[in-house]
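Just need the whole structure built from these sequences, with the hints factored in.
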Amino acid sequence: MIAVEQLTVGEEVATATYRFTRDSLVRYAGASGDFNPIHYRDDVAVSVGLPGVLAHGMLTMGVSVQPVVEWIGDPGRVRGYQVKFTRPVLVDPSEGAEITVLAKVGSVSPEDQTARIDLTVTFNGDTVLGKAQVLVSLAPTA
Amino acid sequence: MAVNPDIVGRSCEPTEPYAVGREKVREFARAVMATSPIHTDVAAARAAGYTDIVAPPTFAVVVQEKTLAQLLAMPGANIDFSRVVHGSQDFTFTRPIVAGDELTAVLTVESVKSLAGNSMVTAVSQITDATGAHVVTATSTLVVRADDV
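Residue numbers (this note's numbering), protein chains in the order written: chain A, 4 to 145; chain B, 12 to 160.
Bear in mind the hints are in silico, worked out from the structure with no lab data behind them. Hints are not guaranteed to be accurate.
What the hints assert, rightly or not - Below, simulated EDC-like cross-link-like pairs (lysine to aspartate or glutamate); rule was C-alpha separation at most 16 Å, straight line:
id : chain 1 : residue 1 : chain 2 : residue 2
1  : B       : Lys35     : A       : Asp37
2  : A       : Lys134    : B       : Asp101
3  : A       : Lys107    : A       : Glu15
4  : A       : Lys87     : B       : Glu27
5  : B       : Lys77     : B       : Glu27
6  : B       : Lys124    : B       : Asp17
7  : B       : Lys77     : A       : Asp37
8  : A       : Lys87     : A       : Asp129
9  : A       : Lys87     : A       : Asp121
10 : B       : Lys35     : B       : Glu113
So, in structure tokens, the structure goes:
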């Protein structure tokens, strides 16, 4: 188990790369119930002025927290999670899209036994999420 | 037309109870590329102290979404769905969602702001379990783009 006292602000705790394909988007649409066609139909995406099919923002958010969950080892220790959607992730029909997540310690609170983990999520060299922060509990289990 | 600022403070009716099923949790976990066995393996979840498998943090949006549908349909709100973009999202948990939960959500409009012709609507959905205890608060800011000129 990770002890909050051992963490240093700015320390990198996890990093991972994920590939989104059109299949990923269809799978997320079914799992989440978000069937907005801009996430699977090029003709609809183009008709509303987009360059093509985009990943669901909530898919990017949902995947981006996973390196943190793997690091703490227990998804129930996520106490809070917030993001701003700043840039879209365009998913090419054949190549897909690759996103990279870098997780660093943003702040620690030994009193509450919590840490704020800040995520940098990039696609094609640009960040796609702003103020992406995960609050995790590191309290020892009773 | 801009979003009607008079909707600030308005709440919707509680949503019908949403029954969190194991297979839905597993399906969602796979969709968000989650690897923790606590999402999929009941024995692993119980060993970690939970009553059943634990949903990924962003699963809460599945329950929240029913309240956002109410918001978009709110009489007099004047929210054009075709112009809505998801601006930001926040989840604040009292405890994680687990399979077997029956969850109800109540949305309240927190704010309506105008910025460069766009409207920004912030809505807070309180999600509670069958006993009425708080599970998670899901907050979304929706950006409603200005009409084309």
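Here is what the structure says about each hint:
no., hint, verdict
1, B:Lys35 <-> A:Asp37, "holds, 14 Å"
2, A:Lys134 <-> B:Asp101, "holds, 11 Å"
3, A:Lys107 <-> A:Glu15, "holds, 4 Å"
4, A:Lys87 <-> B:Glu27, "violated, 29 Å"
5, B:Lys77 <-> B:Glu27, "holds, 9 Å"
6, B:Lys124 <-> B:Asp17, "holds, 11 Å"
7, B:Lys77 <-> A:Asp37, "holds, 11 Å"
8, A:Lys87 <-> A:Asp129, "holds, 14 Å"
9, A:Lys87 <-> A:Asp121, "holds, 12 Å"
10, B:Lys35 <-> B:Glu113, "holds, 13 Å"
In this structure, only the earlier hint numbered 4 is contradicted, and the remaining ones agree with it.
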